[in-house]
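Go ahead and model the full structure; you've got the sequences and the hints to work with.
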Amino acid sequence: MKAVVIGCGRVGASVAKQLAGDGWNVTCVDDDELALTRLGDWRGGFVVGHGMDLDVLDRAGVAKADAAVVSTDGDNSNIVIGQMLQLRYGIGCVVVRIFDPRRADFYAERGLRTVCPTKTSIATLADIVRACDAAPVGSAS
Amino acid sequence: MYAIVAGGGKVGANITRSLVQMGHEVTLIEQRRDRWEQLEAELGPIVLQGDATELHILERAGIARPPEILLAVTGDDEDNIVISQIAKEGYHVPKAIARVNDPRNQPYFDVLGITQTVCATSGLLGLVEHEVPEHGLVKLLELRGEGLELVELHVPPDAPAAGKRIAGISLPDGAKLVSVMRNGVGEIARDDTVIRPGDQVVAILKPGVEDRVRRAVVG
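Quick note, the sequences are listed as chains A and B, same order. Residue 1 is where the first sequence starts when you use the numbering used here, and the numbers rise one by one after that. Residue 1 is where the second sequence starts when you use the numbering used here, and the numbers rise one by one after that.
It is worth saying that the hints were derived from the structure and are not from the lab. C-beta: ideal position from N, C-alpha, C; glycine also. Heads up, a few of these hints could be off.
[Stated by the list, open to error] Derived DEER-like restraints, expressed as beta-carbon distance ranges:
{"no.": "1", "chain 1": "A", "residue 1": "T118", "chain 2": "B", "residue 2": "R17", "range": "32 to 40 Å"}
{"no.": "2", "chain 1": "B", "residue 1": "G44", "chain 2": "A", "residue 2": "D41", "range": "36 to 44 Å"}
{"no.": "3", "chain 1": "A", "residue 1": "G23", "chain 2": "B", "residue 2": "D173", "range": "30 to 38 Å"}
{"no.": "4", "chain 1": "B", "residue 1": "D173", "chain 2": "A", "residue 2": "S121", "range": "56 to 64 Å"}
{"no.": "5", "chain 1": "A", "residue 1": "D31", "chain 2": "B", "residue 2": "S122", "range": "44 to 52 Å"}
{"no.": "6", "chain 1": "A", "residue 1": "G92", "chain 2": "B", "residue 2": "G198", "range": "51 to 59 Å"}
{"no.": "7", "chain 1": "B", "residue 1": "P207", "chain 2": "A", "residue 2": "G9", "range": "52 to 60 Å"}
Next up, the structure:
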């Protein structure tokens with residue numbers, strides 16, 4: 001099974017390594033060549049270029065990909081690349097990172113698999129505080 | 001009419017000035033603080049500072065009314081696509097027109113359902129080709145939503161169509177000659193119009209048959 005990871009920052013690189021470890025044939029795309037160093041001893045594919053550039057996507061082999069993770073640092077780039085991979089290349093499993101919670105919800109309602117780290121952080125931070133022994137001001141007698 | 005303009009660069013600012021002059025109600029959204037200050041000093045409170053791809057900014061601009069038209073004219077194509085999608089799909093704005101900055105991104109607009117786009121680079125290139133016809137066929141207008149385009153053909157002396165009546169030219173299905181320009185005068189094409197070398201012929205056609213039309217008319 002082939003996967004492409006568009007945007008090879010900390011998140012993209014780690015996801016790529018995990019998928020490769022699970023036996024996926026993974027190709028990464030990043031406009032910075034140095035992103036390759038995040039992948040360590042990498043045996044998968046790596047294409048230097050902007051993720052919106054259709055030639056770059058073609059070189060990364062999106063036409064034959066079964067899954068795609070889109071995690072560049074731009075929400076809107078991720079949104080449009082993710083939709084392109086679904087609609088034009090017919091990739092069944094496209095996962096898109098979107099930092100802005102409202103845009104993440106908007107596109108999730110329209111059939112995009114979105115992951116919003118901001119929402120996860122908010123929930124986790126609030127839950128940890130709630131789990132502490134400290135009580136809010138005014139609530140204790 | 002109420003219009004929202006996203007992006008206060010030269011294009012967005014000039015469109016806003018014109019719409020205001022025409023008496024329309026406009027909100028202009030500009031993200032950069034220094035540029036927003038300039039525009040606000042000139043145009044007043046109709047200029048809103050913020051990222052027009054954020055839903056709460058669009059809501060403050062009145063996207064939910066909704067406006068009759070939204071113009072997504074920022075310098076980033078991905079932003080223009082997202083703004084247009086949110087306007088059309090999220091708030092049922094009847095008309096969203098998007099600027100294409102990099103013509104290589106046009107497929108994104110087409111595939112993601114942004115049918116009304118304007119690309120200055122492609123437009124200028126079309127004009128240049130009009131002056132210097134490379135292959136005898138120039139695209140004048142693409143009606144993407146309708147699936148039609150207008151092209152102009154330059155008829156050289158040895159063209160297969162030269163000397164023929166229009167009825168006698170075998171064009172593919174989905175193509176029709178509409179006018180013939182000769183010595184600076186345009187005439188509506190009729191079945192008995194005879195094509196002559198030097199003519200500029202305008203055809204309306206379905207995308208994809210350009211080459212067959214060119215072979216039939218220009219050679």
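Hint-by-hint comparison with the structure:
no. : hint                          : verdict
1   : A:T118 <-> B:R17: 32 to 40 Å  : 37 Å, holds
2   : B:G44 <-> A:D41: 36 to 44 Å   : 60 Å, violated
3   : A:G23 <-> B:D173: 30 to 38 Å  : 50 Å, violated
4   : B:D173 <-> A:S121: 56 to 64 Å : 58 Å, holds
5   : A:D31 <-> B:S122: 44 to 52 Å  : 24 Å, violated
6   : A:G92 <-> B:G198: 51 to 59 Å  : 55 Å, holds
7   : B:P207 <-> A:G9: 52 to 60 Å   : 39 Å, violated
Consistency with the previously given hints fails for numbers 2, 3, 5 and 7, ordered from lowest to highest.
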